[in-house]
Amino acid sequence: MMSHFGQGLVLLALLLCAIGSPIGFAAGRMGSERGLAWTRRIALGFAATMLLANVLMEVALLRHDFSVSYVAQVGSLATPPVITAVSLWSSLEGSILFWGLVLGLYTAGVAVLQRRGHEDYLAYTLATMLAVGLFFSFLIAGPANPFAPTPPPVPVDGPGPNPLLQNHVLMIIHPPMLYLGYVGMTVPFAMAVAALLRGQLGPTWLQPLRNWLLVPTGFLTAGIMLGGWWSYEVLGWGGYWAWDPVENASFLPWLTGIAALHSAVVLERKGTLKAWTVVLVLITFLLTILGTFLTRSGVVNSVHSFTQSPIGPAFLAFLALALLFVVVLLSLRVDKLVGDPARETLVAREGAFFVNNLLLVAVMFTVLIGTLHPVFAESIRGVKVSVGEPYFNRMAVPLFLSLLLLIGVGPALPWGTSDRRQVRRALLAPLPAAAAALAVALALGARSGGVLLTCAFAGYALWVTADQGSRAARRRAKKGETVARAARTAILRAPRRLGAYVVHFGVIVTFVAVAVSSTFQTEREGTLAPGQALEIEGYALRLTGVAGVQQPHRFQQRADVALFRGGRQVGTLAPALNIYPTQMDPLATPAVRTGLTHDLYLTLMGVGADGSIGLRAIVTPGVMWIWAGVLVMVAGTALCLVPPRRAMALVEAPRTQTARAAAARVSLGSGGPVGAAGGVGAAASPAAGAPARGAPRPRS
Amino acid sequence: MAIHRTPLVVGAIVGIPLIVFLALGFRHDPNVIESPLLGKPAPSFVLRDFDGGAVDFASLRGQPVVLNFWASWCQPCVAEHPLLVEAARRYAGEVHFIGVVPTEDTADAVERFTRHLGKWGPAYHDADGKVSIAYGVFKLPETYFVASDGTIVHKVAGPLDRRTLEQSLEALL
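Respectively, the protein sequence lines represent chains A and B.
Using the numbering used here, read the first sequence as starting at 1 and increasing by one per residue.
Using the numbering used here, read the second sequence as starting at 701 and increasing by one per residue.
Just chain A, with the same shape it has in the complex:
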């Protein structure tokens, strides 16, 4: 019954997409308001159908209805209800169904939130999203059907989800965050397709594009960080990033998404980089599909990957089709995207933006080549190779260091100037901060070239970020406002500008923490009998006992370890081995003591019959600051999405000549009216300082 109802809902979603997408494209072509209204209704219907299908699967999972094949595959009577609920995304078919839900919600979000101010593009945007929805509905209805009935005999119990997914609470939120990031990139892609089909990049296109790029980028940032955190807390190897193909797959669209956000700022401010911005957005979407293909086709070996499945060829066909569509669309419409001739020197903020874009794309290609090389090597030469950390670190670290430097140099430079004295003054001012950061690093004992360079660049970038981020508030404070009021007003007037500096601050903190934590890690291993101790970095780790606990879904062996420092007990840690009925090897669950300066990380490697244990201890400095830095980045992204307070009045009509001129700069061809939304200032970058249109723009 559940199976039939679920399959019916998925087929309905398929039908809605199959009807809605052509209607949307036709409505966009004819400019039909009625067609647009129908497309919106169908988009909402698609979202509702996907929502119902997902609710139905949740009910089947929680009721342990093993007549549904997906429940028989991942369900188990012994699994705790929370884990059962999140089993929705623990395996291939369920995760694709969940993907359909997220896509449906984004489609509904666009249909509702963009019904005003984006009308010229909306029909094409929704049509493209429904076309993507058509593919995913096809997958759910066919090759990855979670609602297929279980072939008899229907089992009375199931194996439960993958034990790795049951081992930590982060598994509840890490995949949804990634899906929200991955699937969300469909929205800017659809908007870019709409712009190409209309041959226009007006301000009513640019502002929604930036917002809809910010949302998935923020989720992707959080998802990638949570994945690293999960890996650190669960896998027991003491690291958080291994350049695993599937980690890389999530990183690729993040890089181009960030590049697109920055180039959109230049597009808004200078009217240039039009084609480049659109191409970056299109590539970002293609990379999400490539990443999903790599995760789900089984062609790469990874801790995340599913086994080879029939959806691999379907995904590859979709990737090929999307690539072909993008290439043909660009070749037919790229003439509409030719921007104003470059007027500015490279030694200006827009130049720094462009170099930033090139560096991000270079990192993307570096990671892409390293990720795909094993697939290509096996395809061509039939040999198994793996590309590991040395390649990625050697290739990507110099590029990342350059990006860190640019976080300082870019915002320090003024827009569009070729005044050398001004440039020199702007670039020299933060040097004392760089020197101070270098001195602090040397004083703390850092001797590694990479760490010293990171600290110096971070000091430089931190100075610029603080200086630029506080500039508006300081100006107000100088005029007599209290500091609190000046700061509040500055944030409310230009939240995106401030948000972007907050993001930059988070990036700087993360860069330093990654450099320090990956360079100064200490590790020791030993066998301990009860009462014996292992010493590492001033800690004495004494084994006080071993316990075995039978839990409903697993058997746990736990070692109790007392931590001594300077002869005084400072705490206890209990690393464990979890033994799941369906897993042949026990899974180590590390125990971590997190501190402001360092983490102490214990992994239980084995328990002997005599009660002795094998213990691995790792001390890593600065790990907490990686998570903190990324959380700051996410918070900054959220701040970027807050509309500026003064903007509302301007949306109605830009009255001044300056406003019209600014709006006209981003319009294209002979397109429609450009003043409707006024290209309300705001961007995901510090450079897009957002003084209201018409107001005098302060020199940066």
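Simulated from the structure, these hints should not be mistaken for lab results.
There could be a bad hint or two in this list.
[Claimed, not checked] Covered stretches of chain B, as calculated for chain A (at least 3 residues, CB under 8 Å):
| id | region |
| --- | --- |
| 1 | 708-719 |
| 2 | 813-819 |
[Stated by the list, open to error] Straight-line distance between alpha carbons at most 30 Å, and here's what the computed BS3-like set of lysine-lysine pairs gives:
| id | chain 1 | residue 1 | chain 2 | residue 2 |
| --- | --- | --- | --- | --- |
| 3 | A | Lys384 | B | Lys740 |
| 4 | B | Lys819 | B | Lys830 |
| 5 | B | Lys839 | B | Lys855 |
| 6 | B | Lys819 | B | Lys839 |
| 7 | B | Lys830 | B | Lys855 |
| 8 | A | Lys384 | B | Lys819 |
| 9 | B | Lys839 | B | Lys740 |
| 10 | B | Lys740 | B | Lys830 |
| 11 | B | Lys855 | A | Lys384 |
Glycine residues also receive a C-beta, built at the ideal position from the N, C-alpha and C atoms.
Using the hints provided, position chain B relative to the given structure of chain A.
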């Protein structure tokens, strides 16, 4: 409508090799690592089934053996089961078909499974998991094709398909 060649050329240079090589990737499963036991004598064992019967693997020498590791909860095992039932019937007297179920499986679950799907051979219980370890079983189902001289000639990880099963059996005989 003017057609710009640059996107087409760049798309072709990057896109076509990308798609072709990714498609070629389907020919290889990166998760499959050739068993080091191939061409070597199959590890011997003595196991009991849930009905009190027992097998000494060494005593089977002289006739080929299909050794299948499966479990009652394993969905891919359900998928391949009818093929094994059919093959066991067709090669009766020529090939031994031996099943091994893991530590966690129970008599009830196995009986229920075979009652519904049919029985193709005895299901021996690997009570302490040592046989699975000896064969390096990674995930279920896995099937080992053992020649009459006791040498492992082929291993299939994951569910069997008709063609693979027939080719492997023909190679045994």
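*Assess, step by step, whether the Cα of B/Lys819 is no farther than 30 Å from the Cα of B/Lys839, and give holds or violated.*
22 Å, holds
*Distance restraint between B/Lys819 and B/Lys830, which requires alpha-carbon spacing of 30 Å or less*: Roughly 24 Å between the alpha carbons, so the hint for B/Lys819 and B/Lys830 holds.
*Going straight from one Cα to the other, do B/Lys839 and B/Lys740 come out at no more than 30 Å?*
21 Å, holds
*Given the hint that A/Lys384 pairs with B/Lys740, does the C-alpha gap stay at or below 30 Å?*
23 Å, holds
*Between B/Lys740 and B/Lys830, does the CA-CA distance stay at or below 30 Å?*
18 Å, holds
*asked:* So if I understand the rule, the pair passes when the alpha-carbon distance is 30 Å or less; does B/Lys839 with B/Lys855 pass?
replied: Holds. B/Lys839 to B/Lys855 sits at ~13 Å (cutoff 30 Å).
*Take the C-alpha atoms of B/Lys855 and A/Lys384, compute the straight-line distance between them, and say whether it is at most 30 Å.*
Holds. B/Lys855 to A/Lys384 sits at ~19 Å (cutoff 30 Å).
*With a Cβ-Cβ cutoff of 8 Å, does the region 708-719 of chain B contain at least three residues near chain A?*
holds (count 7)
*Hint consistency between B/Lys830 and B/Lys855 [alpha-carbon to alpha-carbon, up to 30 Å]*: Holds, at roughly 18 Å.
_Three residues or more, CB to CB closer than 8 Å: is that satisfied between the region 813-819 of chain B and chain A?_
It holds: at least three residues are needed, and the region 813-819 of chain B offers 4 whose Cβ sits within less than 8 Å of chain A.
*A/Lys384 paired with B/Lys819 [C-alpha distance capped at 30 Å]*: With Cα atoms ~39 Å apart, A/Lys384 and B/Lys819 exceed 30 Å; violated.
Comparing the model with each numbered hint stated earlier shows that hint 8 is the single one that does not hold.
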